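Note that the protein sequences, when read in sequence, are chains Z and H. Okay, so the first sequence: first residue is 81 according to the numbering used here, each after it adds one. Okay, so the second sequence: first residue is 81 according to the numbering used here, each after it adds one.
What the hints contain is simulated information worked out from the structure, not anything from laboratory work. Everything numeric in this text was worked out from a predicted model, so none of it was measured. Heads up, some of the hints might be wrong.
No distinction is drawn between identical chains; accordingly, a pair holds when it is met within one copy or between any pair of copies.
[Unchecked claim] Straight-line Cα separation of at most 30 Å, BS3-like style, residue types lysine-lysine; simulated pairs: (1) Lys155 to Lys94; (2) Lys291 to Lys155; (3) Lys217 to Lys280; (4) Lys169 to Lys278; (5) Lys261 to Lys83; (6) Lys308 to Lys261; (7) Lys155 to Lys110; (8) Lys168 to Lys83; (9) Lys236 to Lys169; (10) Lys110 to Lys291; (11) Lys236 to Lys83; (12) Lys291 to Lys83; (13) Lys155 to Lys236; (14) Lys280 to Lys155; (15) Lys308 to Lys236; (16) Lys219 to Lys83; (17) Lys236 to Lys110; (18) Lys168 to Lys236; (19) Lys308 to Lys110; (20) Lys217 to Lys94; (21) Lys110 to Lys278; (22) Lys308 to Lys94; (23) Lys217 to Lys291.
Protein chains: 2
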Amino acid sequence: GRKVLIVYAHQEPKSLNGSLKRVAVEELSKQGCSVTVSDLYAMQFEPRATRNDIVGCLHNSEEFNYGVETWEAYKRGGLSSDLIEEQKKVQEADLLIFQFPLYWFSMPAIMKGWMDRVLVQGFAHEFPNCYDSGLLKNKLALFSFTTGGSREMYAKGGISGDIRYLLWPMQHGIMHFCGVKVLAPHICFAPEYVSEEKRKEMLTAWAQRLKTLWKEEPINCSPEWYFK
Amino acid sequence: GRKVLIVYAHQEPKSLNGSLKRVAVEELSKQGCSVTVSDLYAMQFEPRATRNDIVGCLHNSEEFNYGVETWEAYKRGGLSSDLIEEQKKVQEADLLIFQFPLYWFSMPAIMKGWMDRVLVQGFAHEFPNCYDSGLLKNKLALFSFTTGGSREMYAKGGISGDIRYLLWPMQHGIMHFCGVKVLAPHICFAPEYVSEEKRKEMLTAWAQRLKTLWKEEPINCSPEWYFK
């Protein structure tokens, strides 16, 4: 059975994001996958990158460098336990699903903090092992999110620009950098402004997509896909 | 005298980011500006968007919606005191400078949390008052940051793509959305991999730019600037 980690960032279980997460757990479990959820708000996950992420002495206590210190701490097994826990989940996963409401053309800070703190050098990348040779190669990622703005606002030529423009930092800058292959994003546009029936259709469409997810090919994660 | 708010996110005062922040405070003060700094790590600024941001009763306690609740709370003066404090600083400022190390093609989570929590509906935007008619119009913003990757990696055709690609969510999606005009970014590429002398030149160049900053024209914040 394949292993899936869902990193989930919504405060309200009754929200559409909460339902999308539940649908994924149910559908993927039904397929025989083993599914783990990191429910970031419920965990009160710490988003701030600080000295507290390193247990014991610093490599250089004269001038704190977060990137260097977490790299060194990773190598000696000295990262804080919440990070070790998340890294274990990532290591075991074949697929990472990120489920969140779009906040300011990006993920909520609590999820950005998960990226900043979990994907440390040595674990997820280690120069020159980045992009196609990143340390998390052979894994897949999928960004599944809801928006406030409509599909029209996020069209090419729309006031908010093509939705793909804002996927570049998340899909290329984070996942591709770590060697993870990216499946097409799953986007529910403006669920707050549609009918209850339309929201139910959104859930059904997600469940439907998940049925054949393992047959999908990753996108070609190069500038052409985003800015063609 | 003009008013400047520097939103600063680095853990280490001795870092280049720390020095860039100090240079800005010194140079702008010398010009007669009144400069305020929000030192996010020192403040232990909260990045998570939760129910704690609303004082008193919720508008809808059955199903928590962060956007709706903070909008309602803003209107009745019921946001948490740390947010009211930051909004006051923004309101008074003519120019916002964001000083940070680039983390994963974006700002560190602690600064993303500042955006998520401070720029609430009603204060920074209120449909249809967004983009050119955003509620923070007549203000300027400038993103000043350091990178891990080199200028070559962030060139058009480079492995990390044109650095402008990753500026879209921050400059257009956040600042322009709120009506803020954006000055050209100030980027120090890969300071960790250059000589002490070169780092000093970076500080001098920043001080030099600040001398004539008020004469600069904002960029044309449209897809052409980013993806041409």
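Which holds for Lys155 with Lys110 at a C-alpha limit of 30 Å: within a copy, between copies, both or neither?
Neither: 38 Å inside a copy, 46 Å across copies.
How do Lys155 and Lys236 come out at 30 Å by Cα distance, when the copy is not named: within, between, both, or neither?
For Lys155 and Lys236, neither the intra-copy (45 Å) nor the inter-copy (34 Å) Cα distance is at most 30 Å.
30 Å Cα threshold - placement of Lys169 relative to Lys236:
The answer is neither: 37 Å in one copy and 35 Å across copies each exceed 30 Å.
Have a look at Lys236 and Lys110 and pick one of within, between, both or neither, based on CA distance no larger than 30 Å.
neither (38 Å within a copy, 45 Å between copies)
Can you give me the call for Lys291 and Lys83, within, between, both or neither, at a CA distance of at most 30 Å?
within (15 Å within a copy, 56 Å between copies)
At most 30 Å between alpha carbons: which applies to Lys169 and Lys278, within, between, both or neither?
Neither. Shortest intra-copy (34 Å) and inter-copy (41 Å) distances fail the 30 Å Cα cut-off.
Between Lys236 and Lys83, at a C-alpha cutoff of 30 Å, which is it: within one copy, between copies, both, or neither?
Neither. Shortest intra-copy (36 Å) and inter-copy (37 Å) distances fail the 30 Å Cα cut-off.
Within, between, both or neither: Lys291, Lys155 at alpha-carbon 30 Å:
Close neither inside one copy (39 Å) nor across copies (45 Å); limit 30 Å.
Checking Lys308 and Lys94: alpha-carbon separation at most 30 Å within a copy, between copies, both or neither?
Neither: 38 Å inside a chain and 42 Å across chains, both beyond 30 Å.
Taking 30 Å as the upper bound on the Cα-Cα distance, should Lys110 and Lys278 be classified as within, between, both, or neither?
Cα proximity of Lys110 and Lys278: one copy only (25 Å, versus 58 Å across).
Alpha-carbon proximity between Lys217 and Lys94, which holds within one copy, between copies, both or neither at 30 Å
Neither, since 34 Å and 36 Å both go past 30 Å.
Checking an output row: Lys280 and Lys155, CA cutoff 30 Å. Within, between, both or neither?
Neither, since 46 Å and 32 Å both go past 30 Å.
Comparing the model with each earlier hint shows violations of hints 2, 3, 4, 7, 9, 11, 13, 14, 17, 18, 19, 20 and 22; every other hint is respected.
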